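S.K.: For reference, the chains in residue letters:
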Amino acid sequence: MTEDRFPSLRLVPKSDEPQTAKDFKTDQEVRWCPGCGDYAILAAVQSFMPELGIRRENTVFVSGIGCSSRFPYYMNTYGMHSIHGRAPAIATGLAASRPDLSVWVVTGDGDALSIGGNHLIHALRRNVNLKILLFNNRIYGLTKGQYSPTSELGKITKSTPMGSLDAPFNPLSLAIGAEATFVARTIDSDRQHLTSVLRAAAEHEGTALVEIYQNCNIFNDGAFEVLKEPGTRDEALIRLEHGRPIRLGAEQGVFRGPDGGLHLEAVTEANQDRILVHDAGAANPATAFALTRLADADTLHHTPIGVLRDVRRPVYDTLMAEQLDRAAADRGEGDLAALLTGSDTWTVA
Amino acid sequence: MTSQVDQSEAVDGSDGEGRSGPVPPPGTGTRAAKPIRRLDRVIIRFAGDSGDGMQLTGDRFTSETAAFGNDLSTLPNFPAEIRAPAGTLPGVSSFQLHFADHDILTPGDAPNVLVAMNPAALKANLADLPRGAEIIVNTDEFTKRALAKVGWSADPLADGSLEAYHLHKVPLTTLTLQALKDSGLARKDAERAKNMFALGLLSWMYHRPTHGTERFLRSKFAKKPDIAEANIAAFRAGWNFGETTEDFAVSYEIAPATLPPGTYRNISGNLALSYGLIAAAKRSGLPLFLGSYPITPASDILHELSRHKNFGVRTFQAEDEIAGIGAALGAAFGGALGVTTTSGPGVALKSETIGLAVSLELPLLVVDIQRGGPSTGLPTKTEQADLLQAMFGRNGEAPVPIVAPATPAECFTAALEAARIALTYRTPVFLLSDGYLANGSEPWKIPGVDELPDLTVEFTTEPNRPDGSFWPYLRDPQTLARPWAVPGTPGLEHRIGGIEKQDGTGNISYDPANHDFMVRTRQAKVDGIAVPDVVVDDPGGTARVLVLGWGSTYGPITAAVRRVRADGGEVAQAHLRNLNPFPANLGAVLAGYDKVIVPEMNLGQLALLLRAKYLVDAQSYNQVRGLPFKAAQLADVLWAAIGNLDEEGRR
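Sequence order for the protein chains is A and B.
Everything in the first sequence is counted per numbering that gives the first Met the number 0, starting at 0 for the first residue and increasing by one.
Everything in the second sequence is counted per numbering that gives the first Met the number 0, starting at 0 for the first residue and increasing by one.
Chain B with its partners taken away, still in its complex shape:
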């Protein structure tokens, strides 16, 4: 995602075979029998029952692909139920992976290959497939009963309705059982390895390295070596099946991508965010304290941080959302880097404590991995509809800075940026990620520890008044931050609370003028936070349409912009990482374009803020389907905006 290569999703249509052609077989000799075609990119979707292990299969294929050096982007999509009724449409779990020999930005609009482990998986995903896509189905699951469960009276594998696709009918279950007949495993256990058979087959088709998966299986099932060996046997059988069966006539090669030099790994948003928090603690010299209550899709951060106690990380699984943030705030009072992680419903419960943190002026990170709402909404689907909740969702005037990463890997730097603001200005800070960033992954150029920002904090240790007393609300004139004096510091004993405080002394004050001053000062402190200018990408400098986004829409917006430009359209692009305060140049940027398009996965929350603050006619484009935008869809929106302007110009 970091490359300057600009051949992009715009290069070809939806079939993904942009630069296909024969390539010489690799030197192993085993490949000589079948032709190999070279592709520049492929989109694969694995789909099955939620118990079929599709997420694991997708993860493994992703790891192999990352190890091979392709650029990639992933989109897991799974039901909220742990085991929805087997074979039903709501129970379908899928994992989409887009990988390429060049810089890509999204998990792809339409899969070139669908692996469907049962009729429900086929039915749920068929509409997304372009004509000519390859479908690999597990024919063993296409029984009359299973078909009836999804409302199919005729077998689509037999009635010709899939003629537009390249269908591979593979009895995955039978083949897996055959491969494991000597394993000594019960039929039920042996059957469970069928996802590894499918992974083996796909690994053969796309020339993926296999050592990583075998190593992974041995370590995952270290305590059950027979299961590990069975999975490896199924994996190899799948590979060999591709190699020998005539149904799979061709395999494909996607060359490694030319990314900027460096050492890379694949990383998901939640993992990057967890590492960003640990890095922020390390770079600030403060112990990390996470107070959290389990909630999808944020729990993985709690899990990850719990594994790193040797970094001095304290994780506290609280009795509820309120206690999670309360404990984090208590730890912050004691001098820790306090963090709470949650999703939208949890933010609602935490809002009173966030208000307290605003009043106490203590550093605190509130990480919101947004999901579909309102209420419980769509726990496992993505949305960015908590922006206004983060911005305004508290009683009184309670401004809170907001930082939002644009890609999974960027969650790392966003955590450091949120910590920088919190520690410098002594304020709670919202970090708004979402379900798509959290679970999606991409290659990440691993930064050197020394390149990370220095977040060193100096606690106040001396009285700050000429008479030798200490005033907890005597502010730094530049940042307006108040001193952070932690318990244990002699001579600086003080009391703080949620009641309005007298400027300077921090004593309780109900004085009208003082309250007016304190409200305005807290706002001025947040308004005055230094944030980087927003960067505009406008290559020709003559575009009249600006597309402005925030958060995870970065990928599809950028891909759409590339498409438009590749077809001769002019469009400028900018993306916000700081939403409160906005970058200082944002007003000027907006004023520089005739039309501003704001795509959001909500009903226009950023657009509302822009219109209110800058009096600009920002046009919303919205979708709240629980899924990211598609590049093609946004390209159409941008073309329409360009076209309308041209028309208006002619009138």
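Excised from the complex, chain A in its bound form:
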């Protein structure tokens, strides 16, 4: 069944025996701060991996630098903890040359969007078969609390005692602008939702970007509390489901205005047929982009989570392999002696 469920893994050897979360744990002591959101994400990923049904040795986690980038040390798969921002580039070379691997990138908001921004956007546009988990805590943790490219404007930190001056990135808007074929958002503490998004990402053929709102309880505690608190989350969270009307809480819905933009409105009998129905597979990215802009940047009210975009486009590594196959079919397997000899030679007796 796995072959149907995970077309992106059809070239990856299947596991002979059922696996458990325990199989994916290493003997290394996990060294995140107590209370860090990374623990929950690690546990969710370790629990989810057996579902893929592929051999553990054909799974690779590649990370950059930052708190989240310690992740590979705790996954009992192959792994590389590389250098700051470069994980998507390294993973691209690995995935492009080894179609029998399931390659995952673990990165953070500083790693992916600041120093590694260039590699992220190019991985997305190429559509390499990579699953990128972007842990967004809107702060620099490992360097002890400077503002990050997703920190809100005016953020008071050690490096910005009078408030940060630069406007933040919206990671999902950026991803859609970079021609991403799969864009999703989830939250560290919602195991069930996080797992459902990982599943959708794993099923996707090509690059999947999953933004995970992750709490840094040391330097930016409670950044996403409004999305988690039972008292506030119903008014703040919009759970996207493909093919279902997009609703906020019991009373509000998302509607398309006359200008094409999206807005929230109280649902009435008169307008309930016009509630926007979520279509993650829409070829035109305009609605998905509008959804990335729906949240209030300051309060995080109206934050959509789930799969915003999931479309099909040729996958870079598949195309690359096809070119190699075609070259071999058209010209025959390379003949080194013939290559070295070329066409213009002379002989000295």
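Please keep in mind that the hints were generated in silico from the structure rather than gathered at the bench.
Since this is a predicted model, take the numbers as computed values, not measurements.
Glycine included, C-beta positions come from ideal geometry on N, C-alpha and C.
Worth double-checking, as some hints may not be accurate.
Unchecked claim - Which bits of chain A does chain B cover? Going by a derived footprint, with three or more residues having C-beta under 8 angstroms, they are:
1. 67 to 79
2. 96 to 108
3. 317 to 323
4. 333 to 344
Claimed, not checked - In silico SDA-like links for lysine to any residue, alpha-carbon gap of 20 angstroms or less:
5. B:K281 / A:G333
6. A:K24 / B:G467
7. B:K444 / A:T340
8. B:K308 / A:D278
Using the hints, position chain B against chain A.
M.R.: Positioned in the frame of chain A, the structure of chain B alone reads:
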């Protein structure tokens, strides 16, 4: 370049007419009308606007010359701008070719023949010509305006200032247009064939075979047969012009060179390097993965490798230099022969990833085609000023082996040698070529595939601990290489990274003693790499001066040594192909001479290393003009060194 014949550049001065004399005309009969003189070698320089097709013209003349069997050496020299303003000095593009009936080593110091397609080309190159050289100019371009553009108020073709030369005034454009008047081509298109007219004329002068060029033009313009035919018509018209016009009274013959037996082709450094990489992949049984970002003068390797996907070669044009090497390293983690190609500015960007590769201890080839620096510097000119960057240009103690080819053809074996070191010792390796080697060419004796080194790699597939576990940093006691276990291997799952690792297990370790041990072990691994001894050429065994070089200075140094010896001087010569580690006998070699001269196209980088490591008073001789040394210039340096020693001896 491989012959043992030692008559060399030293045989004659700069006029290149060492052994001239009448020879009987060939049997065709068409030649009977004009005398033919036999020469042992000639240096021709084609010069024109960067849009005039001089590189193509030079390439074609080179191919004809190679097909004829002369030994040869070439030097393309072109501006960084694709189309610099027409008719200006910065826009001049040239191609120099030295060919001979014997073994030669350099593209030559001074051209015997200059083809100047416009006043700028004449002005830019005149200073390099010895008296008596032949100059062929396209008179159609010597208009008042064109002369003014290069600051000439009087026409040098008319004012007698070129009396010292043998001047041929040829209206190349007019003659080309006449030849193509029935071709139906627009004037502008027809004019563009004037380089082929010039090539035809030179081909006649030097008895070059012509079939290759006609075949080349037909295939190059296969989709535009009228253009192909026009170029061929211009080419033939140039040949016939030489045959019939009285201005060209003599033609010249240069007999084929007596090279060692074998099958030869002409090859440039970048092509040889590309083939070396493909051969290394084949001989190691690994797929080749190139991650690269376009940069002059390295891009041709990316282009070439992209054409050979049927060898299983994957080429990845990355978003930047860092991604290029990152992808190559990722592929190496997956078991590919990972390669990145670049030039000095790109190396600067890649240095953090090279450091990661040092820490991960994975094989990786970093090919640096050096160019003039710092910063953007001189993109199309040559220099060898990245040696210290390759040696030390990373944070922390991060030793990287360095291999440097000496000639264009040697770029092939250098690629195999770099791969051997990388694969055997699981380390990134620098391959330092340069712009001169990259674009220069020479005859290459094509090796048999079976003669190439066996680079077979055994991936680790079994646990290496008694308890059935796997330690990624448990080293081979001989080479100190760590096991290479690639993803997909069951039971050997492991994590590696740039944080310091515990010896053996590879787990993160901040332990002071462990770090000290790992730093020293990584250094010991590189220091212990087996490299061939440096060979000293000291025929009499009594020389007191040693000249030591590395990289592309091999040609001019060797030519200079031949000159000195031909005039009775004694000098020993050695050339380094391995710069990290140095050959084990290098210290003893250096200690065996009273004086060590190190010519380099930088401000003394190898000399600095030699002085530091061997406490030897190595004397630098430097030039950073973007051009290779001239043999005569280095011969003077060697004579001065010999002379000084003699003087000191008398004191």
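S.K.: All the hints need checking, so say for each whether the structure fits it.
M.R.: Right, here's what the structure says about each hint:
no. : hint            : result
1   : 67 to 79        : holds (count 8)
2   : 96 to 108       : holds (count 4)
3   : 317 to 323      : holds (count 3)
4   : 333 to 344      : holds (count 9)
5   : B:K281 / A:G333 : 10 angstroms, holds
6   : A:K24 / B:G467  : 18 angstroms, holds
7   : B:K444 / A:T340 : 9 angstroms, holds
8   : B:K308 / A:D278 : 39 angstroms, violated
Of the hints listed earlier, the one the structure fails to meet is number 8.
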